[in-house]
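**Student:** If you're matching them up, the sequences are chains A and B in order.
According to my numbering, the stretch in the first sequence is residues 227 to 729, in order.
According to my numbering, the stretch in the second sequence is residues 227 to 729, in order.
To be clear, the hints were calculated from the coordinates, so they are not data collected in a lab.
Glycine included, every Cβ here is placed at the ideal spot set by N, Cα and C.
Among the clues, some could well be false.
Unchecked claim - Below, a sample of chain A positions facing chain B; criterion: calculated Cβ distance under 7 Å:
| no. | residue |
| --- | --- |
| 1 | 333 |
| 2 | 335 |
| 3 | 347 |
| 4 | 353 |
| 5 | 422 |
| 6 | 425 |
| 7 | 427 |
| 8 | 431 |
| 9 | 543 |
| 10 | 544 |
| 11 | 545 |
| 12 | 547 |
| 13 | 549 |
| 14 | 604 |
| 15 | 607 |
| 16 | 711 |
Unchecked claim - Taking lysine to aspartate or glutamate and the DMTMM-like style, the derived pairs with C-alpha atoms no more than 25 Å apart in a straight line are:
| no. | chain 1 | residue 1 | chain 2 | residue 2 |
| --- | --- | --- | --- | --- |
| 17 | B | 679 | A | 331 |
| 18 | B | 252 | B | 355 |
| 19 | A | 411 | B | 708 |
| 20 | A | 326 | B | 691 |
| 21 | A | 303 | B | 708 |
| 22 | A | 411 | B | 307 |
| 23 | B | 411 | A | 484 |
| 24 | B | 674 | A | 438 |
| 25 | B | 411 | A | 417 |
| 26 | A | 686 | B | 708 |
| 27 | A | 439 | A | 691 |
| 28 | A | 387 | A | 331 |
| 29 | A | 631 | A | 461 |
| 30 | B | 679 | B | 461 |
Next come the chains, spelled out residue by residue.
Protein chains: 2
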Amino acid sequence: MPANYADRIRLPYLRQRITSAADAAKWIHDGMTIGMSGFTRAGDAKAVPMALAERARSENLHITLITGASLGGDVDKALAESGATTRRFPFQSDPSLRAKINSGEIMYADQHLSETVEQLRSRQMAPVDIAIIEAAAITETGGIIPTTSVGNSASFAIFAKHVIIEINLSQPLELEGLHDIFIPKMRPQREPMPLTAPQDRIGVAAIEIPPEKIVAIVITNTPDSPSNVQAPDHETAAIAKHLINFFENEVKQGRLEESLLPLQAGIGTIANAVMAGFIDSPFHNMTMYSEVLQDSTFDLFDAGKLDFASGSSITLSQQKSAQVFADFSRYKDKLVLRTQEVSNHPEIIRRLGVIALNTALEADIYGNVNSTHVLGTHMMNGIGGSGDFSRNAYLSIFATKSLAKGGRVSSIVPMVSHVDHNEHDVDIIVTEIGLADLRGLAPRERAKAIINKCVAEPYKQMLLDYVAAANLRGGQTPHVLECAFSWHSRYLDTDSMLLPEKI
Amino acid sequence: MPANYADRIRLPYLRQRITSAADAAKWIHDGMTIGMSGFTRAGDAKAVPMALAERARSENLHITLITGASLGGDVDKALAESGATTRRFPFQSDPSLRAKINSGEIMYADQHLSETVEQLRSRQMAPVDIAIIEAAAITETGGIIPTTSVGNSASFAIFAKHVIIEINLSQPLELEGLHDIFIPKMRPQREPMPLTAPQDRIGVAAIEIPPEKIVAIVITNTPDSPSNVQAPDHETAAIAKHLINFFENEVKQGRLEESLLPLQAGIGTIANAVMAGFIDSPFHNMTMYSEVLQDSTFDLFDAGKLDFASGSSITLSQQKSAQVFADFSRYKDKLVLRTQEVSNHPEIIRRLGVIALNTALEADIYGNVNSTHVLGTHMMNGIGGSGDFSRNAYLSIFATKSLAKGGRVSSIVPMVSHVDHNEHDVDIIVTEIGLADLRGLAPRERAKAIINKCVAEPYKQMLLDYVAAANLRGGQTPHVLECAFSWHSRYLDTDSMLLPEKI
Chain A
227 MPANYADRIR LPYLRQRITS AADAAKWIHD GMTIGMSGFT RAGDAKAVPM
277 ALAERARSEN LHITLITGAS LGGDVDKALA ESGATTRRFP FQSDPSLRAK
327 INSGEIMYAD QHLSETVEQL RSRQMAPVDI AIIEAAAITE TGGIIPTTSV
377 GNSASFAIFA KHVIIEINLS QPLELEGLHD IFIPKMRPQR EPMPLTAPQD
427 RIGVAAIEIP PEKIVAIVIT NTPDSPSNVQ APDHETAAIA KHLINFFENE
477 VKQGRLEESL LPLQAGIGTI ANAVMAGFID SPFHNMTMYS EVLQDSTFDL
527 FDAGKLDFAS GSSITLSQQK SAQVFADFSR YKDKLVLRTQ EVSNHPEIIR
577 RLGVIALNTA LEADIYGNVN STHVLGTHMM NGIGGSGDFS RNAYLSIFAT
627 KSLAKGGRVS SIVPMVSHVD HNEHDVDIIV TEIGLADLRG LAPRERAKAI
677 INKCVAEPYK QMLLDYVAAA NLRGGQTPHV LECAFSWHSR YLDTDSMLLP
727 EKI
Chain B
227 MPANYADRIR LPYLRQRITS AADAAKWIHD GMTIGMSGFT RAGDAKAVPM
277 ALAERARSEN LHITLITGAS LGGDVDKALA ESGATTRRFP FQSDPSLRAK
327 INSGEIMYAD QHLSETVEQL RSRQMAPVDI AIIEAAAITE TGGIIPTTSV
377 GNSASFAIFA KHVIIEINLS QPLELEGLHD IFIPKMRPQR EPMPLTAPQD
427 RIGVAAIEIP PEKIVAIVIT NTPDSPSNVQ APDHETAAIA KHLINFFENE
477 VKQGRLEESL LPLQAGIGTI ANAVMAGFID SPFHNMTMYS EVLQDSTFDL
527 FDAGKLDFAS GSSITLSQQK SAQVFADFSR YKDKLVLRTQ EVSNHPEIIR
577 RLGVIALNTA LEADIYGNVN STHVLGTHMM NGIGGSGDFS RNAYLSIFAT
627 KSLAKGGRVS SIVPMVSHVD HNEHDVDIIV TEIGLADLRG LAPRERAKAI
677 INKCVAEPYK QMLLDYVAAA NLRGGQTPHV LECAFSWHSR YLDTDSMLLP
727 EKI
């Protein structure tokens, strides 16, 4: 191993800052706010947070942790279990951390992913003391080259008093040039973002900060955690088929071209599988303007369907990662990674006319969507970017399998137990049963469409019965309030939403 | 009266199109979609819709009616009662129409006010057949000069096959030059909107359409319906005081200048009264970037507090209207009226950093807000622009009196019965009791802040009891689902949310 990492740390004096993770972690003191790289398991700091967790096991060391989105490895687990994390923004997906959030031990504010740095910039959140950023390299002028995600890293590095860099040797130097770092001006001096197509570059390739702010550099060699998406199955294939039929009709009606409009897909198995379904579709020259680029993005490149993909991170399965990074030059000029403020910015999403595809934990008969809270109370991951996209999209689609827990849970319920996206922001609900096109419909019509198109028996009849009872009460959005959550209560009591006679 | 209205209809051949309201209404046929001017009672078509209602009383004549927002006079009442309106977008506030909406006779899809023309432009809604637009004048080239609102009028006139103009002689010709008509390009060719301050003009002064599309012109002389806002009272004064104290501290902390950032205020008594409270505040050189400009805007001009106000309509009380239009040149260069697509555009609201002040029908302990549905089912008016602003604002404030119905209803409840704005979009809740600053707080902390700051006894203790029971169940957002709507159910049963022992 070269002793001075001249190719990775090109500003010579910074090489003196190379130190161990444990020594770097000493910059962090009790009560600090730490901004860390990492978005959907990609490009997260891997060594210093573990050293920090180690210290927190024996010291009084409590931090507020802000990231781009979810972290990989066991970083959130270690920081939560050690007691280091007391407050967490804006997204997570770790089971140990989740348990402490739901028990009330850790205060978690999940946020629209475009908004965290706005609130930091305007000092409406406590300032970031230390930024810990994974980098592929540091340039001759001290610019930080991110790795597989940009997330909030640029603003963290700009806002923080001190910056700790993890140079990850397992991340290829070819990543340089992939990123587009754009930082908007403070309000009221802010100008329009000059981005009018997914492939537009509006910033610079590195995070530019005064290099003297870099107080420690740690060398690591651990790859990103692979994504845990599962393979498409019959149901996700059926969802994809319904959507492709829908888009074929939109093209036929002259509302869309065969290149559609830029696509966004939320993180996870369903969105990834649905995107993969576009491989066998008549659409071509497609583009993505999304947050996380998953396996399906590269499958669509390989199939010749996709021209360009803009995101804030690349999160791949182990197998796909090996394939993509073995031949990265094949993809690099079709990709850009942006700050999550830009990838998720309302201004851009509205301007481009993004087609947004996100996943519902549950939806209700009127088209309200719960993306986050199991049984209305227990946090799963967080709202993520789904609110940034669904409110501002050309078309906002929510996909879910119609059943969960082996049929004991219906994903379509009388009333969602938590609302992340209300009826105004939900144009399409699609399950493996079918697709409900809700555009221009009043709530009573939405209920008919969703129940008839998206729900299987016996829940279909149960919902029709609910609607019949609710309609007797009247209203724009009829409900029997005292029964609105009876399905959830029954699940809590009997482990099933089914009525006893239907089991 | 001059026979040819040369000053009002400056393209001579169009004067031949002057006709009666009844004859103009003959252009409308059963099944058509009609786009009408009108935003918060201002600048609405007044004669042709009444003639249309008259026809519908004896003919089979059913229309879809799209407007900017609510209409004045009895237009919505007449069209609803005559059976003409069968489908209505995107906002209304008429009691007769509301009754038919809530009984399910009229299908009503309330929409984010910035989105209606996006959906029309992309043909995701049925096309507008006829536009009926109130105008102050028609220019030499056939350009339409709107009156006291712009709303969706420009796009309606552009999209419609035929346009009917109502020239309203009671609207002063001085309105010419007040408007800024900007129409974005179709996606994916759309460009950034070049608006970086409330006073920027980015469009033209008239709605430019091929003049041959104007098939009928009706001369009217009926003033806009006056606003029905009520005078400030002790409670709205207390809300204003809490907000001014909050902003004084924001300035002290260096987060805002004494000019604050551009203000938006929702329609109605509370928002108007709170804005009037800024007259006795230390702030100065303020600006507004709002939808409707109410009495308080002009009171703030008169007090020397406000430099400029951008809106989509001017809706005033009878007294204020007489004062303002008697001396309009005093105000004109401090005002601009825009299309509601621009006044409410996410791109601009986010860029300018608007401070959004909207009214809650009810809010819950976690900061979710119901703006529309009484007891979760019955539509009041509609979401209006509150979603456009609250999602994208620098700071999103919701104000409500803590009690309604003489204390039998608490505006703060365990769980709102309908969610228009979720916790992610609500930064501040303020009642006459106090102000809860929710920025950066997790749901359990939000509950403490809201209950302690915003709620009076006995509801305060009742909410503390609910939280104690909910916390035993755990979760990020603790609830006792089967009791979450018990306050609403009790109100339905006993006409009061109070527990029997508290009455």
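**Student:** All hints, please: hold or fail.
**Tutor:** Hint by hint, here is what the structure shows:
For residue 333 of chain A, the shortest C-beta to C-beta distance to chain B is roughly 4 Å, which falls under 7 Å, so the interface hint holds. A hinted interface residue such as residue 335 of chain A counts as satisfied when its beta carbon comes closer than 7 Å to some beta carbon of chain B; here the least separation is about 5 Å, so the hint holds. Because the smallest distance between the Cβ of residue 347 of chain A and any Cβ of chain B comes to about 10 Å, over 7 Å, the interface hint for this residue is violated. Interface restraint check for residue 353 of chain A: the shortest CB-CB distance to chain B comes to about 12 Å, outside 7 Å, so the restraint is violated.
Hint status for residue 422 of chain A: holds, given a least beta-carbon distance of 6 Å to chain B, under 7 Å. Checking residue 425 of chain A against chain B by beta carbon gives a least distance of about 12 Å; that is not within 7 Å, so the hint is violated. At a threshold of 7 Å, the smallest CB-CB gap from residue 427 of chain A to chain B is about 15 Å, leaving the interface hint violated. Using the Cβ-Cβ criterion of 7 Å, the hint placing residue 431 of chain A at the interface with chain B is not satisfied: the shortest such distance is roughly 23 Å.
Residue-level restraint check for residue 543 of chain A is violated (minimum Cβ-Cβ distance to chain B is 29 Å; threshold 7 Å). For residue 544 of chain A, the suggested interface contact is broken, since its CB lies about 31 Å from the closest CB of chain B, more than 7 Å. The beta carbon of residue 545 of chain A is not positioned within 7 Å of any beta carbon in chain B (closest approach about 34 Å), and the interface hint is therefore violated. For the restraint placing residue 547 of chain A at the interface with chain B, the shortest Cβ-Cβ distance is roughly 31 Å, beyond the 7 Å limit, so the hint is violated.
The interface hint given for residue 549 of chain A is violated, since its Cβ lies 31 Å from the closest Cβ of chain B, which is over the 7 Å cut-off. At a threshold of 7 Å, the smallest CB-CB gap from residue 604 of chain A to chain B is about 4 Å, leaving the interface hint in force. Restraint check, residue 607 of chain A versus chain B: the minimum CB separation of about 11 Å is more than 7 Å; hint violated. A cut of 7 Å between beta carbons decides the hint on residue 711 of chain A: the least distance to chain B is about 4 Å, and the hint holds.
At most 25 Å may separate the alpha-carbon atoms for a hinted pair to count; residue 679 of chain B and residue 331 of chain A meet this at roughly 23 Å. Taking the CA atoms of residue 252 of chain B and residue 355 of chain B, the gap is about 13 Å. The hint holds against a cut of 25 Å. For the suggested pair residue 411 of chain A and residue 708 of chain B, the alpha carbons sit about 48 Å apart, so the restraint of at most 25 Å is broken. Taking the CA atoms of residue 326 of chain A and residue 691 of chain B, the gap is about 23 Å. The hint holds against a cut of 25 Å.
Between residue 303 of chain A and residue 708 of chain B the CA atoms are separated by roughly 33 Å; this puts the pair beyond 25 Å, and the hint is violated. With a C-alpha separation of about 52 Å, the suggested pairing of residue 411 of chain A with residue 307 of chain B is violated against the 25 Å cut-off. For the proposed pair residue 411 of chain B and residue 484 of chain A, the alpha carbon gap of about 20 Å is at most 25 Å, so the pair holds. Between residue 674 of chain B and residue 438 of chain A the CA atoms are separated by roughly 42 Å; this puts the pair beyond 25 Å, and the hint is violated.
At most 25 Å may separate the alpha-carbon atoms for a hinted pair to count; residue 411 of chain B and residue 417 of chain A meet this at roughly 19 Å. At roughly 23 Å between alpha-carbon atoms, residue 686 of chain A and residue 708 of chain B fall within 25 Å of each other, so this suggested pair holds. With a C-alpha separation of about 64 Å, the suggested pair residue 439 of chain A and residue 691 of chain A falls outside the 25 Å cut-off, and the hint is violated. With a C-alpha separation of about 28 Å, the suggested pair residue 387 of chain A and residue 331 of chain A falls outside the 25 Å cut-off, and the hint is violated.
Of the supplied pair hints, the one linking residue 631 of chain A and residue 461 of chain A holds, its CA atoms being roughly 14 Å apart against a limit of 25 Å. Distance restraint check for residue 679 of chain B and residue 461 of chain B: the Cα-Cα separation of roughly 15 Å lies within the 25 Å cut-off, and the hinted pair is therefore satisfied.
Of the numbered hints stated above, those contradicted by the structure are hints 3, 4, 6, 7, 8, 9, 10, 11, 12, 13, 15, 19, 21, 22, 24, 27, 28, listed in ascending order.
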